[in-house]
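Chains as they are written, first to last, in our numbering: chain W, 1 to 473; chain U, 1 to 66.
These aren't lab readings, by the way, just hints derived from the structure by calculation. Every residue gets a Cβ at the ideal spot worked out from N, C-alpha and C, and that includes glycine. A few of these clues could be false.
Just the calculated beta-carbon pair ranges, DEER-fashion [to be verified]:
1. W:Asp152 to U:Gln31: 35 to 43 Å
2. U:Gly15 to W:Ala23: 53 to 61 Å
3. U:Glu24 to W:Met254: 50 to 58 Å
4. U:Arg43 to W:Ala338: 30 to 38 Å
5. U:Asp42 to W:Pro400: 44 to 52 Å
6. W:Thr264 to U:Glu4: 51 to 59 Å
7. U:Asp3 to W:Glu35: 23 to 31 Å
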Amino acid sequence: MTASESLHALGVVEAADAVASGAVSAEALALCALERLEQIGPRFNAVVALDAEPALEAARAVDRARARGDGLGPLAGVPLAHKDLFYRAGRTCAGGSLIRRDFVPDETATVLERLDAAGALDLGRLHLAEFALSPTGFNAHDGHGRNPWSLDHCSGGSSSGSGAAVAARLVSGALGSDTGGSIRHPAAMCGITGLKPTHGLVPLAGAMPLSPSLDTLGPLARSARDAARLLTVIAGPDPRDASTLAAPVRDYEMGLDGDLSGLTIAVPAGYYREAATPEILALLDASLDVLKAQGARVVETHVPDMATLNAMMQLVMGVEAAALHRRWLEERPQDYGAQVRARILPGLFYPATRYAEALMLRAKLAREWLDTAMAGADMVHIPTLAVPVPTIAETTEGAPADIAAAIGRVTHCTRAVNYLGLPSLSLPCGFTGSGMPAAFQLVGRPFGEALLLKAGDAYQRATPFHRAVPPGC
Amino acid sequence: MSDETARALLRETHGVTVDAAEAEAARAVAQAAGRAVAAAADRLMTLDETPWSLDTLRAQTKGERP
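All chains should be built: construct the whole structure from the sequences, respecting the hints.
Put into structure tokens, the structure is as follows:
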């Protein structure tokens, strides 16, 4: 293996360490990643556009800083790229849409500013579902995101390009957004690690909104440790986003010691596991065995009425998305994909009282879910995807009811978490008979990310799944 | 309310025009979710205990365990 062939194997922490030690230059990392994005990225429809020159200039600046003996940031020289909904002043940001195909923001997202300050390289914009509104990676304008493990299968969405690019080792890590599972779906389907943070931990300023009270931004990475490094950089209070003003500031790598003794993990019976296929259940149980071997105690709990929680989430997202899109729905109806327009329109039909009720009940229902599903434990273990990764055909062809059912199965385990505002870490846990990745999620209390990452890191110390590389990558 | 009335109301209140098929499908989704939310509100909401902000939610649910 040549030096350039091995560079893409470096994850976030490994790449940062290699640059800091002088083992590799940031420019070499950037060139390797740019080449792979250009040559391999189209296979998965992962790339919207590359920003080669600014990224290479940033890489050279890192290398010059190191040569001068300057202190380097925690992500110095790390090649990243993100779904195309993070604004950078002066750079087009289409959000996967026709309507914003030529939109050039005059502000930069807080999370990008923080990554820039930490020395990370932003190599370009990645594929996503139109306006971040599909859990499978479907985009009527740009084509479907494709899974590096099998081109016929969904990549997961809406952060489809982020998931595929990280899984295929095109970049070391990426950011995504998650309104009903859009970080966790691609993480689960592509076999990587994805963290949906507590609402209010990571600033939303400068990211295209879908449903602001449900939207969250977080990392997709090759490991829990890599996700911890990225989260440490992007989390914390931001004057541009008042919802983050109480957010804690901490180093999420600090507690990653592999020891889960004293930790209690709840496994709720019913809704989540009942939906799981036998082979997914077997993989979930095997992951619990690993966590127990690492010192965790596992207890069985149950869940409250999930149909109510899912309806709450659906209503809140529908109303907020409809409010944001109302003008375009009238002025440019032909520029929406039919699937996206159909998902937004119901939001116009709810009475305002229903929306207020859904918001007013949020704290009470979160309390109820924590009391029953978590029931005194530290976190909850549930599937991310209760069924094998669907094919693209299963989610786009056939009777509308069958398509709706297939898409509904994708969001079965994820969407209520956003309504509850809780953090969730999705971790790969093996492969189904079709050779596609499977995953579980650990759901924590508000601002419980450190504990989730600690558990995820301990799990990954004992398992090989996060190191598995798709064929031909 | 008929679909035609709903479509007229939508034009009046939101300025958005939808065809009959879209209106029927969207109303079906909205009615199903709306009924579930209304039922929960009937069961759970009280006049004096209706926090709505995420700050309130977090304050109520954080900190019991590390």
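Here is what the structure says about each hint:
1. Here the CB-CB span from Asp152 of chain W to Gln31 of chain U is close to 36 Å, well matched to the stated 35 to 43 Å.
2. A C-beta distance of roughly 60 Å is found between Gly15 of chain U and Ala23 of chain W, which places it inside the suggested range of 53 to 61 Å.
3. Checked against the given bound of 50 to 58 Å, the beta carbons of Glu24 of chain U and Met254 of chain W, roughly 55 Å apart, stay inside it.
4. Taking the beta carbon of each, Arg43 of chain U and Ala338 of chain W are about 36 Å apart, inside 30 to 38 Å as hinted.
5. In this structure the supplied range 44 to 52 Å is violated for Asp42 of chain U paired with Pro400 of chain W, their Cβ-Cβ distance being about 32 Å.
6. Hint check: Thr264 of chain W to Glu4 of chain U, Cβ distance near 56 Å, so the stated range 51 to 59 Å holds.
7. Between Asp3 of chain U and Glu35 of chain W the C-beta distance comes to about 55 Å, which lies outside the given range of 23 to 31 Å.
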